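Residue numbers (the working numbering), protein chains in the order written: chain V, 1 to 191; chain Z, 1 to 187.
To be clear, the hints were calculated from the coordinates, so they are not data collected in a lab. Note that the structure is a prediction, hence the values are computed from the model and not measured. A hint or two may mislead.
Derived coverage of chain V by chain Z (criterion: at least 3 residues anywhere in the stretch with Cβ under 8 Å from a Cβ of chain Z; other residues may be distant) [to be verified]:
(1) 75–85
(2) 92–106
(3) 110–122
(4) 169–179
By construction, the Cβ of each residue, glycine as well, lies at the ideal position given by its N, Cα and C atoms.
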Amino acid sequence: MTAIVAGTASAFLLLASATLGGDGKADERAAWRIDPARTHIGFVVDAVGFPRTQGEFHVFNGRLSIDFDRPAASRVAFTVRSDSIEVGSSSFDDTLRGPNFLDAQRFPDIRFESTRVDKRDDSTIDLTGDLTLLGVTRPLTVEVEVKRLGGGRLAFVAHAHIDRLAYGMNSGFPIISRDVDLTVSSEALAG
Amino acid sequence: MTAPSARWSGGVIALHWLSAAGLALVFALGLAATMGKLDAALTFDLYQTHKALGWLTLVLLAARLAARAARPAPPPAPSWSKPTRWASGLVHTALYALLAAVPLIGWLRVSSAIVPIPVSLFGLATIPNVAPVDADLSERMAFAHKCGAWALAALVALHVAAALKHQFVDRDAILSRIWPRAGGRTS
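Construct the entire structure; sequences and hints are all you get.
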């Protein structure tokens, strides 16, 4: 069965299907609804001589197609608005949105499209796809942990390491680390 | 006790104390930003405010030098010995030199930084960068800026200590020349 869902952060539906598909309990559910209030797309970047920078992207949406019988055939397309970055300081936000980093005017979107899903165990999957940042597309693997909360809710936590230099975001290197740790946490509801 | 022969002009007095307040604030902001104990967003804002205020201290210095040049400086207190006059002149010259050099070096440091973020004067104007990106130069300027700032702080401490000594030990009332509430104690 294939379902198409479009909506805020709905990409994580795929992750639920891929993980739970094996135990047969969630197979009958075609769609999960992401709770935007419980969805956070956060990142962490280290630097020398400057505190660790932590922030979030607040505007995002996703499309996905799910094959419950064959989770590996499922697909995710996820888009984040570059200018929705927030680190707790408006002037810092503006700097990160500017040409030295996200160049949000020229590249308003950061996109991820899955190409492969590998089930690691009953609670973890590896989601491989293409990440497009600053107009450069590179493969990226996201480790996703899935936890059943009961009441038809699922919690997801996804981790990925992005090498920003691979996308041409060279500003500040090596004082600012090339590694960006990305963490996406979310909850989804059945139906 | 010897009264000073003249007071500084109102413009010089006002600019002196504005500079003192600005310098204290910009030093505190720089210290807080570089200690690394605060979060990144607050540290970033402290740096930006430090840069803007630091640039304004340059403007205040230029205005003070202009105001000083517009009217002759009060003569040294008659009670002062030659070494005292010489030491006072040296400290004041060094203060003026560092008041100019420290922010100028900071401006160069910011301009040549690996991520050059121009100085924004509280959103009202943007001060352009004055050098191309040069990480080595920027690091050298950062070190010079820090050394200069501590040297300036030490000189300010000496300046304040000397003013207090003249006021309360020597009782030559030299402080009244620059004290805004000293009234018209001139002679």
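Now the hints, each set against the structure:
1. 75–85: Three-residue rule not met by the region 75–85 of chain V, so violated; n is 0.
2. 92–106: holds (count 3)
3. 110–122: It is violated, with 0 qualifying residues against the three required.
4. 169–179: With 5 residues closer than 8 Å to chain Z, the region 169–179 of chain V meets the three-residue bar; holds.
Checked against the numbered hints listed earlier, the structure breaks hints 1 and 3; every other hint is satisfied.
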